[in-house]
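For the protein sequence lines, the chains are A and B, in the order given. Under this note's numbering, the residue at position 26 of the first sequence is numbered 26, and the numbers go up by one with no gaps. Under this note's numbering, the residue at position 68 of the second sequence is numbered 179, and the numbers go up by one with no gaps.
Don't take each hint at face value.
To be verified - If you only want the chain A side, here are some residues facing chain B, beta carbon under 8 Å, derived:
1. Phe18
2. Phe34
3. Glu42
4. Gly43
5. Leu46
6. Thr105
Unchecked claim - Residues of chain B clear of chain A, computed beta-carbon distances all greater than 10 Å:
7. Lys125
8. Gln128
9. Met152
10. Leu154
11. Leu156
12. Gly169
13. Ser191
14. Pro194
15. Gln196
16. Glu216
17. Gly220
18. Val227
The hints are simulated quantities; they were obtained by calculation from the structure and are not laboratory data. Model, not experiment: these values are computed from the prediction. Beta carbons: idealized from backbone N, C-alpha and C, even for Gly.
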Amino acid sequence: GDSVTQMEGPVTLSEEAFLTINCTYTATGYPSLFWYVQYPGEGLQLLLKATKADDKGSNKGFEATYRKETTSFHLEKGSVQVSDSAVYFCALRGGSYIPTFGRGTSLIVHP
Amino acid sequence: NAGVTQTPKFQVLKTGQSMTLQCAQDMNHEYMSWYRQDPGMGLRLIHYSVGAGITDQGEVPNGYNVSRSTTEDFPLRLLSAAPSQTSVYFCASSYDFRPGSGATEAFFGQGTRLTVV
Numbered sequence: 001g002d003s004v005t006q007m008e009g010p011v012t013l014s015e016e017a018f019l020t021i022n023c024t025y026t027a028t029g030y031p032s033l034f035w036y037v038q039y040p041g042e043g044l045q046l047l048l049k050a051t052k053a054d055d056k057g058s059n060k061g062f063e064a065t066y067r068k069e070t071t072s073f074h075l076e077k078g079s080v081q082v083s084d085s086a087v088y089f090c091a092l093r094g095g096s097y098i099p100t101f102g103r104g105t106s107l108i109v110h111p
Numbered sequence: 112n113a114g115v116t117q118t119p120k121f122q123v124l125k126t127g128q129s130m131t132l133q134c135a136q137d138m139n140h141e142y143m144s145w146y147r148q149d150p151g152m153g154l155r156l157i158h159y160s161v162g163a164g165i166t167d168q169g170e171v172p173n174g175y176n177v178s179r180s181t182t183e184d185f186p187l188r189l190l191s192a193a194p195s196q197t198s199v200y201f202c203a204s205s206y207d208f209r210p211g212s213g214a215t216e217a218f219f220g221q222g223t224r225l226t227v228v
């Protein structure tokens, strides 16, 4: 079945540092890939998505590129802020209508 | 546009009590689902529905019931609460559930934090 593996956290960074959160997936066919963000006390919300190979999703300074050859969708941001502190979930939606989520990676950004 | 609304936000139950977690969406989404979120476990799917009158079990359905009488509402019922059901519960919906429509993202409610004592 489909699966998503993302790096375990927490990831702790200083403000303005570069962020990478790794995500790899296993799926049949050509899934769509997503990053969701969960701020403290809130539900998940879509951060960005990509629907086909080599697509780059971007939003709020975050980027991720759909790499079919390495089955990866790593999340990056050039300069994180304290307000980026949250839990980040990688997810895919393939042939099934049920999306598959990773376990989430907690990001803590210090001033 | 309210999106996905969950009530209540917080609830404390005694072991053995029953209750219903409410979920409503105003986006005319066909697909709705319930997850529980526990530390270190990520999101686990409890039940889901692909339309009014159609429900199915997810990964962890035991102890929970659902029904879908309208497109808008998808309540989750705890039959006899147990401490193991202490968790944060999220309802989610999406527009198109058909295989191959993968670009459709999920919209989540704010969550219900449930404590069973």
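Hint check:
no.	hint	in the structure
1	Phe18	violated (25 Å)
2	Phe34	holds (6 Å)
3	Glu42	holds (6 Å)
4	Gly43	holds (4 Å)
5	Leu46	holds (5 Å)
6	Thr105	violated (10 Å)
7	Lys125	holds (25 Å)
8	Gln128	holds (25 Å)
9	Met152	violated (7 Å)
10	Leu154	violated (5 Å)
11	Leu156	violated (7 Å)
12	Gly169	violated (8 Å)
13	Ser191	holds (27 Å)
14	Pro194	holds (22 Å)
15	Gln196	holds (19 Å)
16	Glu216	violated (5 Å)
17	Gly220	violated (5 Å)
18	Val227	holds (20 Å)
Going through the hint list in order, the structure does not satisfy hints 1, 6, 9, 10, 11, 12, 16 and 17.
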